[in-house]
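**Student:** Below, each chain spelled out in residue letters.
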Amino acid sequence: MKSGAGNTRALCGAALLLSVLTALPALAVPSFARQTGMACEACHTVYPELTHFGRVFKANGYVLANLKQVRDVTAKKEQLLELAQTPPLSIMVQASYSQLSTTVPDLSQSAPGVAQNGTAGFPQQLSLFYAGKIAPHFGAFVQLTYANDSGTISIDNTDLRFADMMVLPSEQSLVYGISLNNNPTVQDLWNSTPAFGFPYASSNAVVSPLAGTEIDGGLAQDVAGLSGYLFWNESLYAEVGGYRSAKQGAANALTGAAGPLDGTASNVIEGVSPYWRVAYEYNHERHSIEAGLYGADFKLLPGASTGTPLRGPFNRFKDVAEDIQYQFIADEHQVTVAGTRIHENMSLDASFAATPAASANPKDDLTTTRLWATYYYRRKIGGTLGYFSTTGSGDAVLYPPNAAGGPGVVTSANGSPDTRGWIAEVNYLPWLNTKLTAQYVRYNKFNGASSNYDGAGRDASDNNAWYLLLWFAY
Amino acid sequence: MCMIDQQREYSVPPRRSRMVVVAGLLALGIGALGLARADAPDPATQAFAQRLAIGICGTCHGPHGNSGQPKFPRLAGQSANYLVAQLKNFRGQTRGDPDAIGYMWGMAAELDDPTIEALAKYYSSQQPLPGRAGDPALSARGREIYQHGIESEGVPACSSCHGPDGHGVADFPRLASQRSQYILKQLASFQSNMRNVAVMHGVAQNLRTNEMQAVAAYLEGRP
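Quick note, the sequences are listed as chains A and B, same order.
For any residue, its number in the numbering used here is found by taking its place in the first sequence, counting from 1, and adding 63.
For any residue, its number in the numbering used here is found by taking its place in the second sequence, counting from 1, and adding 998.
Treat the hints with care, since some could be wrong.
To be verified - Cβ pair distances, simulated, as ranges:
(1) 1049(B) / 356(A): 25 to 33 Å
(2) 311(A) / 1042(B): 44 to 52 Å
(3) 235(A) / 1091(B): 30 to 38 Å
(4) 1135(B) / 444(A): 53 to 61 Å
(5) 152(A) / 1135(B): 20 to 28 Å
Claimed, not checked - 20 Å max Cα-Cα, derived DMTMM-like pairs, lysine to aspartate or glutamate:
(6) 1069(B) / 394(A)
(7) 131(A) / 1111(B)
(8) 1119(B) / 1133(B)
I should point out that these hints are in silico values taken from the structure, not numbers from a laboratory.
Just so it is clear, CB atoms sit at the ideal spot from N, CA and C, and this is done for glycine as well.
Given only the sequences and the hints, what does the whole structure look like? Please build it.
**Tutor:** The following block contains the structure:
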């Protein structure tokens, strides 16, 4: 058993971490407001949380446009072109300051020291969006992001949609569409699912736990998915689709080209991994409630993460999740309660068979629960209190212990993935497109324990962190 | 936002005396007759308008214009000419209450006249569902104000323009079964002149909040 390398779950964790760091959700794009001529409040309680109207706008492919268009039609009035006179572009900036309760060891010198505490992210993230209509039934949400941790610009959340609506004989609407996207659940309409769930922004300068499920951002920006959906009467939603790997920055070892993928890539989807989603929303007076299920079945070839070629046994991650969202939306007060619980069953045939083994067990499981409540007064000042928990079977290879004399921090002394805690934040929006946030994350348990979780003397509470954020988009 | 104060839905300047209010009501009535009458839209435009109504407008204004959300007005059974006038006011950005600015200025920006007329025809021909009956005592007070006004405060009877049953008269809008929250917000907007209609400013300027609530509760409960 080696620590540090050859660990599928650790790599997944790293991928999750990376995705969290580089893909902070940001479905709050002023170009949509410019395109529709409607204020943010039509589609958002407070960004990025969607209202019912925002969900319908998304389901319809981001194409609702109330701007003058450059048009072309055939003699039969067939629409050939509808272009807004200005492109639907936006920029978004997040500048932040993060401070851990206890900073981490400094690994730059052989003599032990500690890293500086208090990290300024300026910017933590800067994004350029194309968000809006492309053609009469074709729209896009494309995000290109510079992130300070990577120091590079890369593709971020992307959702291309074709959608149309038919009027049923009952005079109810049936929206049908196709989404081509790069992050499972980024196409979803509710904020209870992972891609656009709470926390809507978080620090990229703190310590993240080892364990996370695949559908919970583990494959974000690493896949291409095509799904078809139906949205009946703005209430019943059903979607099925499949995902293939779409690696960024990977190259074929032989040709140096973008593909075909080979054993130098890690966690490559074998075939097509199915994704599914059903949800029902009921609206009454100022109340909106949604309950749903979603899931996926990812078969991943570990490849480079276990030093094996892209063939043979694979690891299978079967994710099934429930989600619920309640909103009360009035002019003065906005209340949201939402959450999700994700169950993941892992069949780690590839990792277990690898030499050295990349998992201690042939099968493992994880359950992640998140629940949060948000209140805003006049969309101006508010806050969220959220609970999070991940529990699962212990696995001393997936969640490895500290090596002798190692720095710990990102290890688990008891091989347990269990992590839980709370997030509290207060927000002030001087204008609807500018948010100031003070967030505190408190861990009751981290990588399996409350105290000395890493075997190097670090407690879960040492990872508690303050996060101050300035977030605006234009 | 300063431009809001400069907007006019109608060109009658605000006045305070009751006599002028009544004169204004008459003037508005006469003026309103001159508003564009909805010619019958062609079938393709009417079908397009129905699609808009179901696929877009209905997301807020409810199925068939029977809004389920208090923020958004009911449009079912509303006077077609009133709807045409309002959509044109939204399009021209001359109606300045907050939700008009935030929602409808954008939504109506690119509507052409035939589509506006077809939308108005669609909603005016929908069957309004009964509204929610409010507190009986409050509604009784509202009925009194609606039918007879408040003599001592110079508030004329609403029924004189909107009809004894609240179904609207000529271009004066239907108010029966309208969402009470919407009526309250409109009265407040008339009072503050954010929605700058001289006649309604005159009517609403002396109304107290509890009197507005009473009228709104009464009207929402009217069939």
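**Student:** All the hints need checking, so say for each whether the structure fits it.
**Tutor:** Here is how each hint holds up against the structure:
Roughly 31 Å separates the CB atoms of residue 1049(B) and residue 356(A), a value that falls within the hinted 25 to 33 Å. Distance hint check: the CB atoms of residue 311(A) and residue 1042(B) are about 47 Å apart, consistent with the given range 44 to 52 Å. At roughly 33 Å, the beta-carbon separation of residue 235(A) and residue 1091(B) lies within the given 30 to 38 Å, and the hint holds. Our hint of 53 to 61 Å for residue 1135(B) and residue 444(A) is violated, since their Cβ atoms are close to 36 Å apart.
Checked against the hint of 20 to 28 Å, the C-beta distance between residue 152(A) and residue 1135(B) comes to roughly 56 Å, which is inconsistent with it. Distance restraint check for residue 1069(B) and residue 394(A): the Cα-Cα separation of roughly 8 Å lies within the 20 Å cut-off, and the hinted pair is therefore satisfied. About 15 Å separates the Cα atoms of residue 131(A) and residue 1111(B), which keeps this hinted pair within 20 Å; it holds. Using a Cα cut-off of 20 Å, the hinted pair residue 1119(B) and residue 1133(B) is violated, with the two alpha carbons roughly 33 Å apart.
Of the numbered hints listed earlier, those contradicted by the structure are 4, 5, 8.
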